[in-house]
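Protein sequence lines correspond, in order, to chains A and B.
Everything in the first sequence is counted per my numbering, starting at 64 for the first residue and increasing by one.
Everything in the second sequence is counted per my numbering, starting at 64 for the first residue and increasing by one.
By construction, these hints were calculated from the structure, which means they are not laboratory data.
Incorrect hints may have been included.
Once the Cα atoms are required to be at most 30 Å apart in a straight line, the calculated DSSO-like pairs of lysine-lysine come out as [what the hints assert, rightly or not]: (1) B:K127 with A:K127; (2) B:K342 with A:K127; (3) A:K182 with A:K227; (4) B:K201 with B:K182.
The structure presented is a predicted model; accordingly, all values stated were derived computationally and were not measured.
Protein chains: 2
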Amino acid sequence: MYDVIVVGAGIAGMTSALYAARLELKTLILSRDIGGQLMMAPEIQNYPGFISIRGSDLALRVMKQVEGMGVEIRIEEVVNVKEEKGFIVYTAEGSQYETLALIFAFGKTPIELNVPGEKRLKGKGVSYCAICDAPLYKDKIVALVGLGEVGLHAASVLSEVVRKCYWIFPGPTPGAISPNVVKYVKEKGNVVLMPRTQVVEIKGDGKVSSILVKSLESGEVREIEVAGVFVEMGYKPKTDFLRGFVDLNEKGEIIVNSLCETSRKGVFAAGDVTNIPYKQAVISAGQGAIAALSAYNYVAQIKGYSRIDRDWKHLRVRHEEEGGGLFLRI
Amino acid sequence: MYDVIVVGAGIAGMTSALYAARLELKTLILSRDIGGQLMMAPEIQNYPGFISIRGSDLALRVMKQVEGMGVEIRIEEVVNVKEEKGFIVYTAEGSQYETLALIFAFGKTPIELNVPGEKRLKGKGVSYCAICDAPLYKDKIVALVGLGEVGLHAASVLSEVVRKCYWIFPGPTPGAISPNVVKYVKEKGNVVLMPRTQVVEIKGDGKVSSILVKSLESGEVREIEVAGVFVEMGYKPKTDFLRGFVDLNEKGEIIVNSLCETSRKGVFAAGDVTNIPYKQAVISAGQGAIAALSAYNYVAQIKGYSRIDRDWKHLRVRHEEEGGGLFLRI
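Bound-form chain A, shown alone (with noise of 0.2 Å):
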C-alpha cells in the first residue's frame, strides 16, 4: 500500500514526487516514460534558474533529485482505476497498486490519425514530433500531417533537413494562421503544400515505405513514397478511462481548484492534464508541489498528522517532531 501514487514523470509529476517523498510519503511514479513534453523542448529558456538548458536535461536532472529522494519509478501505463480502501491503479502491463492518494500528472500525449499501419510503424517512421526525429531523415522524402501552428512549426523544421515535405492537411489552408510564416515555409522551396487531402493508410514492411493519400474533392486515391510521416496535429489529455470518476472539462481536461484538489477526494492533478491555463514547464513545477502538499494534508488526515501550516516555507517532517529532534528543512 504506498501513500501516494504519482501518474506520470514529466516535471509535474516528478516535482509532485519529489515534494512528496521529502514529506516522508511512501511514493511510487507510474509513466510510460520520463519527462514527458520536457523531452522535445530543445531548449528552455524560461525556466528560472537555467539561462539556457535543454528539456531533456532539465528532466534528467529532476529525475535524478527524485531518484536521489529514494522514490520509486516504474514505466507502466495506466489504463484503469477504482475506488475501494484508497485506490487501486492497473496498468497496460498487467499489475496492479494499491494507494491511499493518487496524483494524476501524465500530461497530454500526441493526436494520432487512426488510420491502419499507424500504430504498426510508430516509431519506424512513424513520428510525432518533427523537432526530436527531423534530424533522421536527412535528404529524405517525408510526409507531414500537421494542423495550425504545430502543423507549421512542424513543416518550418522539417524543410531545413529533409529533401521533400508533403505537407496534407483538410481544409483549403493548413488552419488560422499567419499568411506570412506560410508563404516563409514555401519559399524554401522543398515543402509541398496539399490542401483538401488526408492520408487514409500508412504502408510499409518493418519501416514506413509510402502512404495512401486521398483527396477529399475528387475521392482519388494515390500512394506516395516517403521515409517518414510526421504526424503533428496537437496534444490532447488522455483521460478517456477517467470519465465518470473525475470531472473533466470539455477538452478532456481534468478540473482542479488552487490546492490542485479534482473533484474526487484522495485525487490531485497537475501540469497539462489539468484545466490550467498556460502550459508551461514552471507552472507545471508549481502545481506539482501544489499537489503533493495536499495529498501530504489527505493522507495525514487519514493517518492522524498534524496538518501542514500553509503558511509554512519549513516543513517539518513529522517523525522529526515525533522523535523529539529539532530539524526544519526549506
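Since chain A is already given, all that's left is putting chain B on it; use the hints.
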C-alpha cells in the same frame, strides 16, 4: 510608460519579469531588495532542477537571467499606486512611474516589534533573520523575540552559535509547539526562556547595547545587556497601501484567481503576497509565470495584439508574426 511594472524581486517577481520580457513587454522591476525570502534559505533541496542550492545562489541565477532579457531593476520601495490612464506607481525614494499593467510580487516582510530604537538600530544589531545573521554573534549575548515554530527555529539556530540567548515571549510558553523540541533547545543550556515578558525598548549608540524588558506579571522593567536582538515573529504582507485598491483577505494577502488576476483589471499578483496556499519557491515561480502571461494578455488587448492561446507551449512573439519570419520559441 512601461507595459508592466513588477513590484518585488523574489522568485515570483523575477519569474514574472522574465516572462514579460520574453514577450517583449517593456518591463521594470521595483523592489526594496533582491531575492526576497530566498536570501534567507541556506539550502533549498526541493526546487526542481537542483539537488541542493543556496537560496541566494538561486536568486542570483534568476536575476542574471532576468537582466539578460533586458529588464530594468531599480531598488526602490513602492509605497503608493493609483489608476489614471493605466497606473502610476510612487516610491519611497520620491520617484513615480507609469505603466499599463502591474504585477505585485513583493512577498512578505517580517513582523516588527514597534518599540523605540528598533527602526534606528535595524541592521545594527536588530535582525529579523536568525539563520542569516546568527554567525555574526558567535560567543555573544543576544535576545530573541520569537513566537511559535518560527521563534523555535531561531532559538535552535542561535543556540548553536551564541554564548547566551534570552528568549522573550508574552505567554506562558513560546506558542503552540511540540514540548519535545522546546526541551531539546532548553537542554543546550544557553537559551534562557523568559515567559510573560516583552521588549519595550532597544538601546544603543550606533549599535545595540541593551534592551529594556518588561515583566507582564509584575510590570517591572529590567535592562539586559545584549549585542543583538533577533525578532522572529513571522511574516506578513505589507499591503496596507493597497487597501481599497485591490481586495485583500483577513491576513492582508492579495486575493487572486487561478489566472493571478486581482479584483482590479490590469493588476496581477504572484507569490507569497497572495492568498495562494503553500508558500514555496517553485510555487511562487509558477505563479510569477501565470501573472506575466495574464498581464501580457491584458496589455495585448489594449494594444490590439492577438491573445495567447492558452494551450501554447510555443509562444510566438508578436513582432515575429508581423515581420513575416517564422521563429517559434519555448
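- Message: Name the hints, by number, that the structure is in violation of.
- Response: none
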